[in-house]
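Residue strings, one per chain:
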Amino acid sequence: MKKYLLKRIVYLVIVFFFVSLMMYAIYNLIPSDPALVQMEPLRKSLKPDEWTRQYQELRQKLGLNDPLIVRYARWMGFARDVDGTFNGMLQGNFGYSISYKRNITEIVGVPMQNSIILNILSTVITLAITIPLGIYCAVHARKPVDSAIQAFTVVGYSLPTFLIAILFIYIFAVLLGWFPAGGAKTPGSTFTGAMEFFDRMHYLALPILVLVFTGLAGMTRTVRAAMMDTLSQDYIRTARAKGLKEKVVIYSHAWRNALLPVSTSIMGWMIGVFTGGSLVIENTFSLNGTGRLYWSALTTTDYELVLGMQMFYTLVSLIGVLLTDLSYTLVDPRVRIDK
Amino acid sequence: MDNSKKNGSSEKKEFFLTRWVRRLFFPNKEMDIYTEEQMQSPVRVVIRNFFSKPIAVTALIIFILIAIFVFVAPNFVTLDLGDQDSTLVYVSPGYSMLKYPKELEKNGVADIAVGNNYSVGADQLGNIYVWGKSKLTKVIDLSEIPEEVKNAKIVKVAAGADHVLALDDRGTVYAWGNNRLGQTRLPDELKANNRSHDVAIKEIYASNQFSVVVTEDGRAFTWGNDNLAQIEYDAERLDGHVVSAAVTNFTYVLLLDDGSVVNPCFTAKFTVQKIPEEAQSGVKAIVGTTNTVAATKEDGTLFVWGAPTKGENDIPTLTAPIKEVGGGRYHLTALLEDGSVVSWGGNRYKQAEVPADVGDVEKLFVGSFQNYAVDKDGNIRTWGLKGFLFGTDGLGRDVFARLVNGGKMTMTIGALSVVIEMIIGIILGGVAGYFGGVVDMLIMRIAEIVSSMPFIPFAMILSAVMGTRVSIEQRMYIIMVILGILSWPGLCRLVRAQMFAQREMEYVVAAKALGVKESKIIFSHIIPNVMSVCLVSITLAFGTSMLTEASLSYLGFGVPLPTPTWGNMLDNAKNSIVIQNYWWNWVFVGAIFGVACICINLIGDGLRDALDPKANGR
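Heads up: the protein sequence lines correspond to chains A and B, in order.
If you use the numbering used here, the first sequence corresponds to residues 1 to 339, in order.
If you use the numbering used here, the second sequence corresponds to residues 340 to 957, in order.
No wet-lab data here; the hints were simulated from the structure.
Source: prediction; values computed, not measured.
Hints are supplied without guarantee of correctness; some may be wrong.
Unchecked claim - Output of the computed footprint for chain B on chain A, the stretches with three or more beta carbons under 8 Å from beta carbons of chain B: (1) 35-44; (2) 94-104; (3) 162-168; (4) 275-281; (5) 298-311.
Said to hold, decoys possible - One side of the interface only, derived from the structure: several residues of chain A facing chain B at Cβ under 10 Å: (6) Tyr4; (7) Leu29; (8) Val155; (9) Gly182; (10) Phe197; (11) Tyr294; (12) Thr314; (13) Gly320; (14) Val321; (15) Leu323.
Think of the CB as a built atom: it goes at the ideal place given N, C-alpha and C, for glycine as much as any other residue.
Let the hints inform the model, and build the full structure from the sequences given.
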């Protein structure tokens with residue numbers, strides 16, 4: 001187990017550096033020249049050849065003439081920066097955001113917190129609904145209730161998140177007026193304590209509802225399929241034949257075996273929500289989360305922030321994959337991964 | 340075997356269409372497993388299984404219909420990307436703009452005025468009618484005519500952008516509509532209750548948030564939004580001489596009793612206020628369009644000045660002297676002395692195309708994009724913009740045209756990115772599965788790296804970085820390539836797994852023994868055998884690509900505006916004001932996109948069931 005874990009982590013680190021190198025290379029496709037930005041005001045006051053000389057000097061000083069791999073190593077913190085210190089990602093320097101005029105580490109805290117709250121809440125609610133629902137559907141397969149739920153889930157997982165978001169805004173914010181259509185708290189409010197909490201939940205309700213709805217559809221299908229697969233196994237027939245209670249058969253014999261494929265897709269789904277889903281949701285509901293931060297960084301061409309966020313996203317999904325693999329052993333003791 | 344031969348011969352006698360329909364919906368009777376094995380190839384079994392599922396078949400038919408619709412309709416519904424008009428913003432769906440009430444025609448037309456997307460008419464009995472898109476906001480509806488107007492005998496009407504003027508037979512003017520910028524705030528002297536009897540109004544004009552009236556004794560009054568429009572009136576200079584006026588979008592000019600046209604304002608901000616030499620004398624009538632003014636001279640000739648944008652000054656050769664001219668937004672229509680009608684100028688909505696059978700016209704009413712002609716028998720003929728099937732969006736663009744053309748774009752991108760995905764996935768998967776070992780290891784690690792990259796953020800940054808310096812068309816291809824490159828690992832894994840099973844089969848061994856080239860074994864012997872399994876994955880990938888493109892466009896990193904796709908059309912509907920008030924901006928495109936996505940998933944599910952040997956019940 002330890003050996004396997006070590007192997008996976010080494011692999012994860014290699015992939016991470018590979019992806020980050022690729023990202024850094026893509027980022028360098030953008031025509032940006034910090035030396036030119038600094039030198040441009042001096043263009044008129046200096047003679048052309050003097051200016052060119054100083055410009056080249058500055059490029060040298062800033063390390064812009066070095067090969068890509070060297071610059072990458074500096075940015076990552078493997079090599080000494082031009083000022084002779086190690087000052088890269090590994091040292092905690094994620095870069096400087098030009099649109100916020102602050103270090104990236106200072107900016108991402110609050111959005112990250114908001115995104116995590118949003119995702120954890122929607123995940124918990126989704127799982128709380130979807131697992132009993134999926135099991136119910138599998139046990140009552142091809143009965144009217146199951147067919148109705150199946151039809152409903154096809155709609156749910158076919159439609160894009162933003163369409164569901166628009167639809168839900170129309171139904172719950174415009175027609176019924178239950179929830180606000182966007183924002184994070186009542187404008188100008190100075191609630192404290194419980195009131196603040198409820199106000200916040202009131203504003204988060206609709207985004208969570210959309211995320212739950214989209215997650216519900218896909219997850220219910222997965223749980224149902226896994227359960228139906230298990231329920232058709234011979235040992236279930238044996239369990240029933242020897243007169244076990246139906247509850248025991250379903251929850252103890254079948255469900256624990258069905259959990260393996262389910263756990264894989266739960267992790268996959270969570271990663272998808274955290275990266276793609278929250279981008280759309282936070283944009284539609286103007287929530288201050290990582291997705292919106294990333295989006296606004298891209299639209300304002302604040303590429304250092306984009307790069308930092310991208311690293312974060314990559315890390316999240318890589319760790320997600322690792323956790324999926326590890327969850328196999330937790331869920332199913334038969335899976336031996338240390339060989 | 341005998342049985343099948345009989346079937347075959349009887350099929351030949353059938354009309355081919357009935358046969359197709361029968362085969363499509365009522366597949367052959369169940370065969371027992373031995374006959375079937377003898378008779379049918381696995382592909383045929385799959386196809387038969389698929390067509391025995393009514394839901395999947397319905398989904399397939401609906402999807403094919405949508406696909407045909409979005410690929411055929413753009414040939415008929417052309418899209419001009421530069422097309423936009425501030426007066427056509429958020430027009431609700433429907434063809435009601437030229438639907439005048441029948442009573443108006445029956446009672447005889449006294450006057451018709453055309454505003455933005457609505458029209459007002461008065462009949463000979465003094466009744467007033469409003470039709471077209473008269474509902475401006477949730478609370479303001481121009482068709483809610485005030486009681487006092489209904490009671491009065493209306494002889495003349497004028498329609499502005501969002502307000503209406505009506506003149507009764509005693510020279511009193513009434514105004515209603517949007518009053519936010521003072522459009523209906525009459526000057527005190529003109530108000531019905533304190534108007535002295537010597538101020539009788541003769542002519543009324545309404546335009547973009549302002550109004551002009553001319554009295555019997557040659558004075559003019561203006562009111563409305565003077566920030567937007569220049570509506571000063573030099574009373575000292577002009578009082579007593581004004582005969583009529585011509586209103587353009589942002590200002591007006593006056594015709595005086597000596598036959599000259601003057602700029603009534605103290606300064607001239609707009610080109611129409613610079614009156615040319617020809618208009619200094621001998622002018623009979625004037626009329627305005629958005630940015631130009633046309634003047635008819637005593638001799639029946641016409642000339643246009645101002646800032647023509649759509650050919651308002653390209654006056655065709657006229658066969659007879661001009662009797663009367665009407666001005667729309669970008670077009671002019673003239674009624675000649677012989678009763679024929681000619682029209683020229685902007686023709687985007689066929690407003691300058693006079694129907695061939697319009698003749699013997701007595702009265703002509705023109706405005707915005709509409710024309711009404713009344714002939715000698717009192718029949719009304721109309722031409723111009725009737726309305727929009729699915730309404731218009733926030734820039735006045737036809738939602739239907741964008742829906743159709745956007746669908747073509749979305750589906751093309753979806754299909755081509757799937758092709759790219761297929762090429763990469765099948766080649767790499769085939770090679771990895773066939774050779775195994777180091778090649779397999781290498782390819783699978785690459786696949787893992789690609790699939791571990793977060794999809795939407797990565798596609799966004801690629802699109803943002805690569806898409807900045809290219810044309811819209813190149814950007815479209817870039818999006819396709821990005822989608823293809825990021826989504827191949829799934830298919831690759833599937834092909835690889837299938838290859839593992841197939842490469843030990845006898846036919847592969849036989850091919851190897853015969854010395855067939857390895858590339859040939861992979862791509863012409865094995866791949867065709869695993870294609871049917873990949874079909875599910877490809878179908879679902881098409882749906883996913885469409886969704887991803889839409890999500891990217893929705894976030895602003897897909898195909899850029901003004902090129903429409905379903906995704907960026909829905910991007911416009913992101914705020915709750917549009918969602919609430921202008922439902923046609925998202926309902927239609929959302930519905931067709933949703934149905935297409937659901938259909939693809941249903942087809943994929945149907946195919947999966949059809950391919951699954953367990954699903955056949957044995």
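Status of each hint after checking the structure:
no. : hint    : result
1   : 35-44   : violated (count 0)
2   : 94-104  : violated (count 0)
3   : 162-168 : holds (count 4)
4   : 275-281 : holds (count 4)
5   : 298-311 : holds (count 6)
6   : Tyr4    : violated, 16 Å
7   : Leu29   : holds, 5 Å
8   : Val155  : holds, 6 Å
9   : Gly182  : holds, 7 Å
10  : Phe197  : violated, 24 Å
11  : Tyr294  : holds, 6 Å
12  : Thr314  : holds, 6 Å
13  : Gly320  : holds, 8 Å
14  : Val321  : holds, 6 Å
15  : Leu323  : violated, 12 Å
Violation of the numbered hints given earlier is confined to hints 1, 2, 6, 10, 15; the remaining hints are satisfied by the structure.
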